[in-house]
Structure formats: structure tokens, C-alpha cells
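Novice: Here's the letter readout for the chains.
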Amino acid sequence: MKQFEALTRKKDSQAVRYLIVDDSVFARKSLAKMVESFGGQIVGEAGDGCTAITEYARTNPDIVLMDITMPQMEGIEAVERIVAEHPDARIVMVSSVGYQDNILAALQKGARHFVQKPVKPDALYEIIRYVLNDDGVTTPVGAERETSR
Amino acid sequence: MRMDLIQPFIGSLDAVLAETMHAPAKIVDLTMEEEGYRRKGTAASVTFKGQIEGRVILDMEPRAAAQIASYISGADVDSSEPIVPETVSELANMVIGNAVTQLNDRGFQFKVFPPEVLTEEQCAQAGRDSEATILCFETPSGNVHLNILMCYHRRRSRERAPVSVG
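Chains as they are written, first to last, in the working numbering: chain A, 1 to 149; chain B, 1001 to 1166.
Calculated from the structure, these hints are not laboratory results.
The C-beta atom is built at its ideal place from N, Cα and C for all residues, glycine as well.
Certain hints may be false.
Stated by the list, open to error - Part of the chain A face toward chain B, derived, beta carbon under 10 Å: (1) Asp-22; (2) Lys-33; (3) Thr-51; (4) Gln-100; (5) Gln-116; (6) Lys-117; (7) Val-119.
Whole structure, please, built from the sequences with the hints as guidance.
Specialist: Written out as C-alpha cells, the structure is:
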């Protein structure tokens, strides 16, 4: 896999810490491999929305990559609950279904961005870089179906 | 079956294979079958309901599925390992998710259900008494089959269409 210039945290130049939430082991492995190529560190994984909430509180990640359709609690509800407790949470939705209604609902609940599967590493890299520096609204170059709030 | 409804699934599978296998895929066969479906490798099904209802089975020959799983896990994966059905399941999720997103953009409303890995027996049951379109894609690592069974509800579409008053 292509290696990217490492993304680091502004405050201490340390590796960006990620929580990956997806009910598919394959999807979690695939995303983990991508963010590791960005120089990131995986601090937690979850297979449903409920676990995502507890893992967020335990690990306090810099970025959450969150699937939408999951058992027990779906991604959009998990976003709402995490953002209610942690308003600065940076959550990027990652889903194969890119309905406009889903995207808007996620952004309204506090997600920062959306990317459709299959995820292209270049597009995800640009989105994460943008979200880490996020203070406005833009659409990263190279992203095919991404929306930002 | 309406080809304009099938086309998004073909385009989506092509795009997903290109992204995950980094190799070209081409359609080498298209058949219609009413008999039970015989699985060729590892198969996963995704069901959807709404204005269009049906299910799509993604069926990958073992070597093709293992190649993608190997690439993602960064180590050689045997086709018997548990990550292989998990891989096919997620690929089915991507293919159908992308296709229904395109159909949703064209105004069709429906709900998509999570993917389910199918046993040989479930596969045989899934195709019985209904006509499915089966597409065979050739890849350098083996064939990939897409079994599409769906119906379009004209009545539901009409019921949802705006009614002019006065």
C-alpha cells in the first residue's frame, strides 16, 4: 500500500489516534491498514454503536471512523450520543450506502465528514487532514462522494 | 428484468473489484435461471425492500476471495480461513450499497439489510421458483458471480407519486 506523509497532532506532533467502528472485521482491517499508512495509531475498535460509545470514553481518540449500518445501535445514533458527551469529537462516517438523507442526518448529529466505500486511501487521507484542521467547510480534492458539514 | 435497474449493480461491482483487486474484470457471461442457484465459491446475499425489492448474491471463487483477503490482511490467506467469508460479505455490502445509492439518486426508495453469508443449501433455496439474472465476471484470480433477483413495484411508485389537485 502507498505510504503517505505522516499526519500528526498539532498540539504535540504525536501520531493521530483512531477509533474504528464497523461491524465487518474486513472493513476494520482495511481501514486500519489505511490509517497506519498515514502514520496513525489504532487505539480502539468497535463492532457496533454501543461499544463505540464506551470505547470513545476509554480511548479519547483524535478521529473516529464510523460505519452507519450496524447491529444493536446504528452509527448515526452513536454519533449523536458521542457528540452530546464530547462536543469536540471528530467523527468521519464511512458507509457503502451514500443516500443523501443518511449523509445529512449524520452531519446534523455532529459527524464532520462522510466517505463512501470502497474507500480510496488518497481520498480518506485528504478528509482526515481536513478534519484535523477543520474550522470551515470544504470538499477535499479527489473525493468522489464526500460531504462536509 | 429491467436492464436499467441492473446496470448500477454491474458498474458498482466493476468499480469495487477494480479498487480491491487492482485488476480488470470483464463480463464473460449473462444467464437467466429459474432453478436453485449453485454456489461457485463463497457467497453473501444482501436484501432490499421498498419500491424495488429483491436480493443480490455475490459469489466469488475461492482464489479471488482469498486474494482480496490476503491484500487487506497483509499476509497470505487460505480460502478456508474465516476472513474469506467476511471479505465476501463486506464486498457484497459495498457493491449493493453503491448500486442502491445510484438507484436512490434516481428517485427509488428502499431499505437495505445487512449482508448474510450463504451456505450451499441457502443458495439453492434463494433462487428457486423465481427468475434471476446471473452475471459472470472474469478476473485474473478467478470468476466472480452476481446473482440478481428483483422486482419493481409500479403500484407503489404510483401511490408515492405526487397527485395534482384541482
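Novice: Take the hints in turn and mark each one as holding or not.
Specialist: Status of each hint after checking the structure:
no. : hint    : result
1   : Asp-22  : holds, 9 Å
2   : Lys-33  : holds, 6 Å
3   : Thr-51  : violated, 16 Å
4   : Gln-100 : holds, 8 Å
5   : Gln-116 : holds, 7 Å
6   : Lys-117 : holds, 5 Å
7   : Val-119 : holds, 8 Å
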